[in-house]
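A.B. asks: So the chains spell out like this:
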Amino acid sequence: MILSDSPKHPAITLKNVSFQYAESATELCYHDWQVSQGERIFLHGPSGSGKTTLLNLLCGILTPDKGTVELLSKPFSTLRNTQRDKFRARHIGVVFQQFNLISHLSVAQNIALATHFAGSSPPDSATLVQLIEALQLPPKILHNKAGQLSVGQQQRVAIARALINRPEILLVDEPTSALDADARDAFMKLLISQCERYQTTLIFVSHDISLSDYLDKRVALKDLADKKESRSC
Amino acid sequence: MLMSFALSSLRSRGKSVALTFLALLISISVLLSVEHVQRQAQASFNRTISDVDLIVGAPSGQLNLLLYSVFRMGSPTNSIRYASYEMLLTEPQVKWAIPLSLGDAHHGFRVLGTNQQYFAHYKYGNKQPLTFAQGKSFSNMFDAVVGADVASELNYKVGDKIVIAHGLGAVSFKQHDDSPFTVTGILAPTGTPVDKTVHVSLQGIEAMHAPHARHEAEQEAHEHANAKVNKPDSVTAILVGLNSKFATFTLQRELNNYDQDRLMAVLPGVALNEMWQMMSGVENLLRFISVLIMLSSLFGLSTMLLASMHQRQQEIAVLRIMGAGAGTIFRLILLEAVLLASAASLASVALVSGFFAVARGWLASHYGMFISANLLNLHTGLVIGAVLLATLLCSLLPAIDAYRGALNQRL
Chain Y
609 MILSDSPKHP AITLKNVSFQ YAESATELCY HDWQVSQGER IFLHGPSGSG KTTLLNLLCG
669 ILTPDKGTVE LLSKPFSTLR NTQRDKFRAR HIGVVFQQFN LISHLSVAQN IALATHFAGS
729 SPPDSATLVQ LIEALQLPPK ILHNKAGQLS VGQQQRVAIA RALINRPEIL LVDEPTSALD
789 ADARDAFMKL LISQCERYQT TLIFVSHDIS LSDYLDKRVA LKDLADKKES RSC
Chain U
723 MLMSFALSSL RSRGKSVALT FLALLISISV LLSVEHVQRQ AQASFNRTIS DVDLIVGAPS
783 GQLNLLLYSV FRMGSPTNSI RYASYEMLLT EPQVKWAIPL SLGDAHHGFR VLGTNQQYFA
843 HYKYGNKQPL TFAQGKSFSN MFDAVVGADV ASELNYKVGD KIVIAHGLGA VSFKQHDDSP
903 FTVTGILAPT GTPVDKTVHV SLQGIEAMHA PHARHEAEQE AHEHANAKVN KPDSVTAILV
963 GLNSKFATFT LQRELNNYDQ DRLMAVLPGV ALNEMWQMMS GVENLLRFIS VLIMLSSLFG
1023 LSTMLLASMH QRQQEIAVLR IMGAGAGTIF RLILLEAVLL ASAASLASVA LVSGFFAVAR
1083 GWLASHYGMF ISANLLNLHT GLVIGAVLLA TLLCSLLPAI DAYRGALNQR L
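Line order of the protein sequences matches chains Y and U.
Take 609 as the starting number for the first sequence in our numbering and just add one per residue.
Take 723 as the starting number for the second sequence in our numbering and just add one per residue.
Worth flagging that the hints you see were computed from the coordinates, not collected in a lab.
Given the structure is predicted, the values throughout are model-derived calculations rather than measurements.
Think of the CB as a built atom: it goes at the ideal place given N, C-alpha and C, for glycine as much as any other residue.
Check the hints yourself; a few may be wrong.
To be verified - Covered by chain U, according to a simulated footprint, are these stretches of chain Y (three or more residues, beta-carbon under 8 Å): (1) 658 to 669; (2) 685 to 693; (3) 712 to 719; (4) 724 to 732.
Unchecked claim - If we take Cβ atoms under 7 Å as the criterion, some of the chain U residues that face chain Y in the derived model are: (5) Met723; (6) Ser730; (7) Ser734; (8) Gln1036; (9) Glu1037; (10) Val1040; (11) Ile1043; (12) Met1044; (13) Gly1045; (14) Ala1046; (15) Gly1047; (16) Arg1132.
Taking the hints into account, I'd like the entire structure generated from these sequences.
C.D. replies: Here it is, written out as structure tokens:
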């Protein structure tokens, strides 16, 4: 699938975005970029190249110093904090490397918490069981405390939590770095099948190029962002 | 949802939360106890004596006379002559006068020598008269009327024979074995020192102190009342009710200048006021200390929450990516603090109530203070409200810290 002739609406649009951490001397300038809905992007680059910053900008935890981020053809980075939080709860799913769950809550409570912040009704048990089984986890795991699960199980529950609100956009940051090779392949297959099922736009960040086969398109961050010493872009 | 999250979060940090809870429990209990005792003590003293215009006794401090004659506390005062009591009865302004003769004990309970005037005119609380739960007033020299607590603790019934000791100790060396008294009446509970008193006639007291008194007294009683026995030499104090309150100061001055006996007349309200003034310094000091303890435990709570912030960065990050705003994180921290303080407050009310339920008998017998075990009143509500407000203020710091952290949170 080629970006420019995609008939679909854009899911993500970066326009003239630049960002600089207060404690840093370098500024990150992102090129204008568009991702269509349903596209699955593999974003790679060495550490410090601005991958995580981009994810922070895309989920609205950070806002650009200049330029705008539009999501689903709506302004996002210019929303007020509370509206941006609400938008994130409803339309964006996020999975980190590790520690995606509240360890003292059960799996079911973790998933219910995501629906709570999105303002939707808590999932019924049939939906939960279905979701958990689709991720090849035993249904009884729903009542275990998240902190008691293995890392591989936690990462799969994290997908369930990230997808419970049927977000249009899923942002995933090195989700397999704590997994061994077998678990990693299983995880990737599950992730892709879930995204296909819900037609979710996926931004998958990793430095492990071998994972790029699972996704539609590969983007190197050095082609997407420039580092400048001063505010000059 | 936020509530169950806060509860689960508190549970997950068991040890530090439990210790903070204990610190709060102790400090709130101290605060509640100080407030409760102060209010109850004042109420219990104020309700002990009602409708008495003057207390007349031997010259000493007005407070000492009040404490000894009414509350059975403090050091004994000197006696005054019985003739002075007779003189008071002839005063035109005097409506009634109750003689009180103290100095003896029965199994640790005070023995009070008095006459029928006591049952007719002694009032407590809101001008409530004494009533009999069983039996009737004494008619014979060796009859006794016991207070409600005396009856229940010593298991006395009407008709029981009891022995009265000379002196005030619980175990007296000089038992007046040869002067047994008969219980003729049991008073209804009053919540005042009356409950802990054995009442006998003045003649009974006199006879008890005379050698072989019973034998002689019985003989004399049979011989139709010898004047020497019927008229005791002295009494400890006299409670006086007047026809008109306006006469109080005139009579007080007259009695203080009485030349036949050395007398002192005090106004119970004035003496009680003097006591509250003396106590208020101590009360304020106690309250000040308990507020300081409270504050230090609230700072402990604040410290616990602040320290937990560093461990909870990941938890906050997870909440943030799920779409929780910084305001939600802020409210969550406040909620945790208030939940903990509320739980500690409830536990404190239970603890302090339990303590006074157990200790009230001891407090009443040793200090004459009738402290209710019921803490459920408006004042307790206000104290707890103030504690919760202070908790909110003290947890603002960690909550703001968490709020800022949440805003600057990165993934």
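A.B. asks: Next step is simple, just say for each hint if it's right about the structure.
C.D. replies: Right, here's what the structure says about each hint:
no. : hint       : verdict
1   : 658 to 669 : holds (count 5)
2   : 685 to 693 : holds (count 3)
3   : 712 to 719 : holds (count 3)
4   : 724 to 732 : holds (count 3)
5   : Met723     : holds, 4 Å
6   : Ser730     : holds, 5 Å
7   : Ser734     : holds, 3 Å
8   : Gln1036    : holds, 4 Å
9   : Glu1037    : holds, 6 Å
10  : Val1040    : holds, 6 Å
11  : Ile1043    : holds, 4 Å
12  : Met1044    : holds, 5 Å
13  : Gly1045    : holds, 2 Å
14  : Ala1046    : holds, 5 Å
15  : Gly1047    : holds, 4 Å
16  : Arg1132    : holds, 6 Å
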